[in-house]
Amino acid sequence: MNHKPILLVEDNSSDVLLIKRALGKGHVANKLLVAEDGKEAWTTSSVVKNTTCLRPVNCLHWSY
Amino acid sequence: MTGYSYIPLIAAISYIPLFIIVISSRPFHRRHLLFILYLASAIAWSSTSFLLHSSFLPEHKMLLARLMTVAFTWMAVQLYVFSRHYGYGNYVAGLAIGYTLLTISIALAALGYVPESVSVSNGVQLSIGPWFPVLFVPLIYLVVDNVQALVRKLRALTDQVQRTRVTYILIGVCLMAFFSLSNSVDFLRRLPIDHFGNLAAACVWTYATVQHQLVDVRSVARRGLSWAAIVIVAIIGYLFLYAVVGMATHVQQRALVTALATIAALIIGLSIYQLRYVFTRLVDRLFYRERYDYRQKLEDFARNRIRGVSNLKDLSGKLLPLIIGSLGCPHAYVMLPEKSIGDFVVEFTEPEPDSKSVLRMGQDSPVVDWLKRENKYLSCDKLDIMPEFRGMLAQEGMWLKALNIGGFFPIINRGNLVGILMLENKQSSRYTLEDINLVQTVMHQVAVTMEKEFLQEQLRKREQELTLSTAELQSANKELEAFVHSVSHDLRAPLRGIDGWSLALLEDYQDKIDQQGCQYLGRIRTETQRMDDLINALLQLSRVSRASLELKLVDLTAMAQTIVSRLRDSQPDRPVEFIIQPKLMAQGDASLLDIALHNLLENAWKFSSRCTHTRIEFGETNNEGDQAFFVRDNGVGFDMAYSDKLFGAFQRLHKPSDFPGTGIGLATVQRIVRRHGGRLWANAKVDEGATFYFTLTGAV
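Chains as they are written, first to last, in our numbering: chain Z, 1480 to 1543; chain U, 18 to 717.
It is worth saying that the hints were derived from the structure and are not from the lab. Model, not experiment: these values are computed from the prediction. A couple of the hints might just be wrong.
[What the hints assert, rightly or not] Taking lysine-lysine and the DSBU-like style, the derived pairs with C-alpha atoms no more than 35 Å apart in a straight line are: (1) K1518/Z x K495/U; (2) K399/U x K335/U; (3) K529/U x K1504/Z; (4) K330/U x K469/U; (5) K623/U x K702/U; (6) K529/U x K1499/Z; (7) K1510/Z x K529/U; (8) K389/U x K418/U; (9) K569/U x K469/U.
Extracted from the complex, chain U is given alone in its bound form (with noise of 0.2 Å):
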């Protein structure tokens, strides 16, 4: 056993902290899954490959020596696969390929053709025997055809931190696959130089985490001790079990014992698996001390309390006194946006400034712009790298360096950023993701409720709009009341009297006024009739927009009938042909629809009163799927071209001379249908008669 064959032991450990990182990083993607496939296969190459050299397990040198061959091959296929995924293109091929190789070479390892020899008498010898180029040669396409991808991708590349990713992610594969060739020289492969590239790989990728995704070694360390005290505990725990279930039932089997003491533990671990929980507080509270508590109180205050806090002022100084205590950070800041201008300046520092700081971003600042854009969390060395923020003032960079600014905050709410939050630099370390992922959490909520706060004003302005606005609608309606009762009061009491006195002078004085007299006299007297019909016909339309519905199954051809009853009273001797169809029912206010069928009958009687064979028809019929109802007569109809006239009040399409009216009926009609829910059409030609037809969906 030499000191070479620590290499892979400090390879596989040097390992460990990485596969902690990723497996507590959330939120968890693909790329995370890909990397730990690759750090497991990585770890077992490496464990392998240090049993092998080790002076451990000599009698079983073989089955290490064909096991660290598979776990070779799958590293370096799930290396490809994983920083593949970073490149350029598709990789169809690549993953056939690699997975083929892994296939073939588990395969020749379980036939025992590879290797093909072990000797252990001078270092490890290793002998791969004549297989060697079918393992060999796809390796070599794996490593080219992922150094091309990743360099046209680090070509094509803008963004800065994106390009510095592709970049460790290629000195990573370089190292592997430069210190892996050295498996081709059978001299190099006694000894275990290529964990050298494993080592480095390791080495260059805990650095770029640690360095740009901005991951502590803290929090690996919290991670890794909270795990590893659980498992202890588990270990602990199972083999206490194990002693308890052997001497209690005292069987000599230990495969029985371990099979129940198993089953036990795995009962009473599920039972208590929120102990993981206690671990995690414990160590948690371990690491943070006096800031853990602050932490606890920022994620309750995010979690639960926020609501009760509407604007930004109250929020800021409840909740930067607990950014500050569980970040640990000397001061932080809210920038809130002038009223004037629209530049950021800052309105809240925690702890209390002894002077008030004159930092001030233009609301057209690379940074502004970012923050806006990204909705993020932007780092201070950010403004450094990256070409866009070149072109801020010389001034809010001189300040940012001045208060030692690390990061900002956006705060957005609907779309705008209506505050920043900035911390400054902590005085020993840098902010982890952690940290930075609590106060995204914190303002993503902080966004959230202001949103809500947004839309609950929004709502209680429009009830308030609403019952302003209904509060107007019933005035306008007793306004509208009031006017018609005094319409049917006041404006008629007079043309009572109008009447009335002309009757008297037509009574009393009929001898000394000449026939003319009396003529004109029986004029007026017909045009205070003419008068009161009017108002009568008003007075009917308005109750008919007001009146409350009340619907009911109602027999149209019961209804019909009686109207039909009443006209052929009025004038008996007029011959007209009424056909009405039976069983015409429909949901409706009886009354309303008693005054347009009426409405619409007495339109028909009228307009074909100069018919020598008058037939009107009272039916139902199909208009589209619904049902429709119609008067049709053979009178005197009208010209298609006015039909937009024929609803509206006081509008009448024939001459008063002609036929008699008011000019309302129809739009009485109008009103009754519509408020039914339903539609009013007619049809006609001149001379040939009208159709009205009418639906009743449902009352509105």
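Bound-form chain Z, shown alone (with noise of 0.2 Å):
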């Protein structure tokens, strides 16, 4: 098991939840961290160590 933290960028506090509720529901029991826009995302990431920045998973088939 990875124990990398996940890092959600999300503005709508009901899409966090949900989404904290489905990884709970899928026993994923990584550290989540949440940044509400990307600048926030940069700052946030540079302070947890050993950061790889993976590709970006968009979880959501709500396509633009």
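Since each chain comes alone in its own frame, lean on the hints to assemble the complex.
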């Protein structure tokens, strides 16, 4: 099991909660970091050590 | 040789000024040509008559008599042709008789029958002999026909100017006819009495021309002088060449020298053809003196520099001094319409007056009407002659008299009279036709320039409007894009929440909610899905309208086959027969055509779902010469009465419970087809299926 934290960039609190719930239901125990926009995401990810930037996951199918 | 023999000479000379006037008048009409022919024949007649009656060429009297007889007939016929032109009705018979007479007289003279004998013992005595009636009777016919036609015309005419012109012609013709009658008496024929008629006619017509066409003697003299100068220089040059050629070749034969000199003169003459302008310019300068420079400037201004000046005020300021200088008129005025009432009042005076002029002309004044209608120079002389000016206010007439106005030039722009140029009479002389033509040309140029300026202004305005509306359109487009973004993003976020939390309820609290509650939650989820579909369809519709077209050759057959396989995958158990015509190609945007074709085939698939044996066709047909594609199914079809609602957004012809859908699909197809410059239409019958046709003539 990978213990790296998951960074979620989402400004809709309802969506954040739904994602947290989904992760819990899927027994994903990784730490979840939430950022509301790109700037915040950048500062958050630089705080966490040994960050390797994985490809961004667009977990929702609601494509524009 | 008696004093009488000089009468024809004087007559011939008196025609020369007229000849010069007519030949140098512009524009040149057919009547000018006819008049020139007449003048030439009259001059020929008078000069042969002079030679006959004089003591010159005593051994050639018979030849001169023959020439004179022919010239007389020619003159009579040309006079008929020219003056009959102004008369009433057509004159084919007269023309035929006249030219037959001319031919007969030439033949008779050439054969020596006419005149029979000439004796010079006691004055020149001509005897015409037995052929006299052959020549005389047709002449009588011509005279009678001519006078009758002119009188009839005179009765029918109402225009005073034309009446005067016809009257003068009639007087001239009558004088000629009366004096020519003397030819019928042997005794009188001895004296050239008939040339009194010629002389009198010449005087009458010269007077008429000078009086009523405003040609002054100075311009005639000017033209005559420049021509005389050219002729003299030509003769001197020719003689010089003759001498040079004679000396250079040492040839004794005069004929050869003459020929060589003529050829050389022709070559030199043609190569320095431009020389005539030098003479004209020299003579013009001589005549106009200080006014010559003004004329040149005025012509130059009208031709070149007028373009930079746009409004009438600037123009008046620049033109008036030039006009005054070139015409030598004491004062010139420009009247412009007053803004409030529209009456014409004097706005500019050149040179600056001591007191402002009070002249004012009502917008309904007959002068204004006339200028508007005729668009040409109006001489103040006409105000007294023509009946239509009788309605002019006495006040206006008095003002005109007080200012000693000579005439008016209209300034017309777009069919409206926008200004009037008035000239004060010259102190010593009248305005000549040349003066008037000059100003008229300039005024015409002014009108053209103003028209051009107007059109350019119009163009500028349109361009501005266009730029403005383009900017508006761009901002509207941006707003639309912002709206689309907000719809896609902001509107969907709560929708996602509703769907997500409903799912959470269903999953986490299933044991606490009864079955009906679960069903309701399920409904909430379907409704949110439906709304999401609608939003998606709307976004697609707006994207279809905005996306830029990338045209290329598209394989519609392959496209249709891909779509069909996707449809089959969605319902693998459904037996559907697809007939797709091979090798269907079209010019268009691949992604948009894919959306359109997808919508059409999906509709066919959907509305034929209740058939036991579904058949869907995609092919090509011919619609009035254009290539048209069609998608045909044998499904439920629709009532053609509602076909106008078919392509509107959110318009559905079937209940959602029967066939699900957003009601936007065909609207999207319609937009795609229109953007390709094509047309979409349908043909259907209830329960017998529907066929949708579309053309793709080329992208717009």
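Outcome of the hint check:
{"no.": "1", "hint": "K1518/Z x K495/U", "in the structure": "holds, 26 Å"}
{"no.": "2", "hint": "K399/U x K335/U", "in the structure": "holds, 29 Å"}
{"no.": "3", "hint": "K529/U x K1504/Z", "in the structure": "holds, 19 Å"}
{"no.": "4", "hint": "K330/U x K469/U", "in the structure": "holds, 17 Å"}
{"no.": "5", "hint": "K623/U x K702/U", "in the structure": "holds, 16 Å"}
{"no.": "6", "hint": "K529/U x K1499/Z", "in the structure": "holds, 22 Å"}
{"no.": "7", "hint": "K1510/Z x K529/U", "in the structure": "holds, 31 Å"}
{"no.": "8", "hint": "K389/U x K418/U", "in the structure": "holds, 22 Å"}
{"no.": "9", "hint": "K569/U x K469/U", "in the structure": "violated, 44 Å"}
Hint 9 from the list above is the single one not met by this structure.
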